[in-house]
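Colleague: Using the sequences plus the hints, can you model the full thing?
Number of protein chains: 2
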Amino acid sequence: MRRYPTRGVYDRKAIEAILDEGLVCHVGFVHDGAPVVIPTLYARVGDRVYLHGSAASRMLRTLSGGCEICLTVTLVDGLVLARSAFHHSANYRSVAVFGRAYPVSESDAKLVALEAFSEHLVPGRWTDVRPPNERELKATMVLALALDESSAKIRTGPPVDDEADYNSDTWAGIIPLCLRASEALADERVQPDLAVPAYVANYERGAAEQ
Amino acid sequence: MRRYPTRGVYDRKAIEAILDEGLVCHVGFVHDGAPVVIPTLYARVGDRVYLHGSAASRMLRTLSGGCEICLTVTLVDGLVLARSAFHHSANYRSVAVFGRAYPVSESDAKLVALEAFSEHLVPGRWTDVRPPNERELKATMVLALALDESSAKIRTGPPVDDEADYNSDTWAGIIPLCLRASEALADERVQPDLAVPAYVANYERGAAEQ
Numbered sequence: 001m002r003r004y005p006t007r008g009v010y011d012r013k014a015i016e017a018i019l020d021e022g023l024v025c026h027v028g029f030v031h032d033g034a035p036v037v038i039p040t041l042y043a044r045v046g047d048r049v050y051l052h053g054s055a056a057s058r059m060l061r062t063l064s065g066g067c068e069i070c071l072t073v074t075l076v077d078g079l080v081l082a083r084s085a086f087h088h089s090a091n092y093r094s095v096a097v098f099g100r101a102y103p104v105s106e107s108d109a110k111l112v113a114l115e116a117f118s119e120h121l122v123p124g125r126w127t128d129v130r131p132p133n134e135r136e137l138k139a140t141m142v143l144a145l146a147l148d149e150s151s152a153k154i155r156t157g158p159p160v161d162d163e164a165d166y167n168s169d170t171w172a173g174i175i176p177l178c179l180r181a182s183e184a185l186a187d188e189r190v191q192p193d194l195a196v197p198a199y200v201a202n203y204e205r206g207a208a209e210q
Numbered sequence: 001m002r003r004y005p006t007r008g009v010y011d012r013k014a015i016e017a018i019l020d021e022g023l024v025c026h027v028g029f030v031h032d033g034a035p036v037v038i039p040t041l042y043a044r045v046g047d048r049v050y051l052h053g054s055a056a057s058r059m060l061r062t063l064s065g066g067c068e069i070c071l072t073v074t075l076v077d078g079l080v081l082a083r084s085a086f087h088h089s090a091n092y093r094s095v096a097v098f099g100r101a102y103p104v105s106e107s108d109a110k111l112v113a114l115e116a117f118s119e120h121l122v123p124g125r126w127t128d129v130r131p132p133n134e135r136e137l138k139a140t141m142v143l144a145l146a147l148d149e150s151s152a153k154i155r156t157g158p159p160v161d162d163e164a165d166y167n168s169d170t171w172a173g174i175i176p177l178c179l180r181a182s183e184a185l186a187d188e189r190v191q192p193d194l195a196v197p198a199y200v201a202n203y204e205r206g207a208a209e210q
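Protein chains in written order, with the numbering used here: chain A, 1 to 210; chain B, 1 to 210.
Think of the hints as simulated: they come from the structure by calculation, not from any bench.
Hints should not be assumed to be uniformly reliable.
[What the hints assert, rightly or not] Heads up, simulated DSSO-like pairs for lysine-lysine below, C-alpha to C-alpha not over 30 Å straight-line:
(1) LYS138(A) x LYS138(B)
(2) LYS138(A) x LYS110(A)
(3) LYS138(B) x LYS153(A)
(4) LYS138(B) x LYS110(B)
(5) LYS110(A) x LYS153(B)
(6) LYS153(A) x LYS110(B)
(7) LYS153(B) x LYS153(A)
(8) LYS110(B) x LYS13(B)
(9) LYS13(A) x LYS110(A)
(10) LYS13(A) x LYS153(A)
(11) LYS153(B) x LYS13(B)
Modeller: So this is what it looks like as C-alpha cells:
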C-alpha cells in the first residue's frame with residue numbers, strides 16, 4: 001500500500017482510536033535471527049497496550065524476555081478503484097508500536113488488564129462472566145508495551161488518477177469495507193430461555209469515513 | 001489467541017483458501033536488528049505470494065535484497081463468548097509464510113502478477129481498467145515469495161468452558177464477524193450516467209463457518 005498517497009499521523013488520539021477499534025494485532029519479533037509475525041488479541045489502557053496468553057506460550061515467553069517487538073494493527077476501510085490499474089489502492093488505518101514488552105505480574109494489575117481485554121472485545125461483557133480465579137490468573141501471562149514509540153498511517157479519500165484518465169468511461173470510486181457482526185449463535189448448552197444480551201445482539205465495531 | 005484450542009492445518013488447500021480470502025497481509029522483516037511489521041496488499045498465484053509497490057519503497061527495496069521475511073494473513077471470523085472470562089476466545093484463520101522474496105523483473109511476468117492483484121482484490125476489475133504502461137511497470141516493484149514454508153492455524157467452534165460453569169445463567173456463544181462491503185461511493189469525476197459495475201455493486205468476501 002505504500003506507493004499510494006498516505007499521510008503520516010503522529011497524533012496520540014488518532015493512534016488510540018485505531019488501537020481501540022481493532023480486534024487483532026500482528027506482533028513481530030526476531031527468533032533465531034529470523035522474523036516471526038503472529039496474530040493475537042490485545043487491549044489498550046492509557047499509554048500501554050496489553051498482550052496476554054498462556055504462561056506456557058512460546059511466543060509470550062520469548063516476548064517477556066524483553067526482546068524488541070513491533071506490534072501492528074490495521075483496519076481495512078475500503079478498496080479504492082481508479083481508472084488505471086496503477087492507481088488502485090486501499091483506504092486503511094494502521095498503527096505500529098515499537099518497543100519491549102514487560103510482564104505484569106501483580107494479580108490486581110493483571111485483573112485490570114484482563115478486564116480491559118474483555119471490554120475492548122465485547123463492551124459490557126466483563127460483569128456478566130465468572131471472573132478469573134487464582135489458578136487461571138497464574139496460568140495467564142500479561143505483557144505491557146508502552147506507546148512511546150508509535151506511529152499511524154492512514155489513507156482516506158477517492159482514487160487519484162492521471163489527469164488524462166479522467167475522461168475514461170471506467171467507473172471509479174470506493175467500495176467501503178467494515179468488519180460486521182451477524183446474528184449471534186448461542187452455545188448448545190446455554191440455559192433454556194436465556195435472552196441474548198443487548199451487548200451481543202447490538203454488537204458493532206466502528207465504521208470509517210472514506 | 002494461542003492459549004485456546006486451535007488446530008494446526010498444514011494442508012495446502014486450506015492455506016490457499018485463507019490467502020485467497022484475505023485482503024491485507026502483515027510482512028515482518030528485520031531492520032537494523034529490530035523487527036518491523038508492515039501491512040500491505042498481496043495476491044497468490046499457484047504456489048507463490050506476490051507483493052508489490054513503488055520501486056522507491058524502502059520496505060520493498062529491503063525485502064528485495066533477499067532477507068528473511070514472515071508474511072502473515074489473518075481472518076477474524078468471530079468472538080467466542082464463554083461463561084468464564086478465562087475461556088473467551090476468537091475464531092480465526094491465519095497463515096504464516098516464511099522465506100525470502102525475490103524480484104520479478106520481466107515485464108510479462110510482472111503483468112501477470114499485477115492482474116492477479118487486481119483480480120484478488122476485485123474480481124472482474126482488470127479488463128475494465130487502463131492497463132499499466134511501460135513507465136508504470138518500471139515504477140512498480142513486484143516480489144514473489146514461495147509457499148514452501150507455510151502453515152495455517154484455525155480456531156472454529158463454540159466456547160469450551162469448565163464443566164462446573166455450564167450451569168451458569170450467563171449467555172454463551174459466538175458473535176460471527178465478517179468483512180462486509182457497504183454501498184459503493186462513486187468518484188465525483190465519474191462520467192455522468194455511468195452504471196456501477198456488478199462486480200462492485202455485489203462485492204463480497206467469503207463468510208466463515210463457525
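Colleague: Of all the hints numbered above, which does this structure not satisfy? Sort the numbers upward.
Modeller: 1
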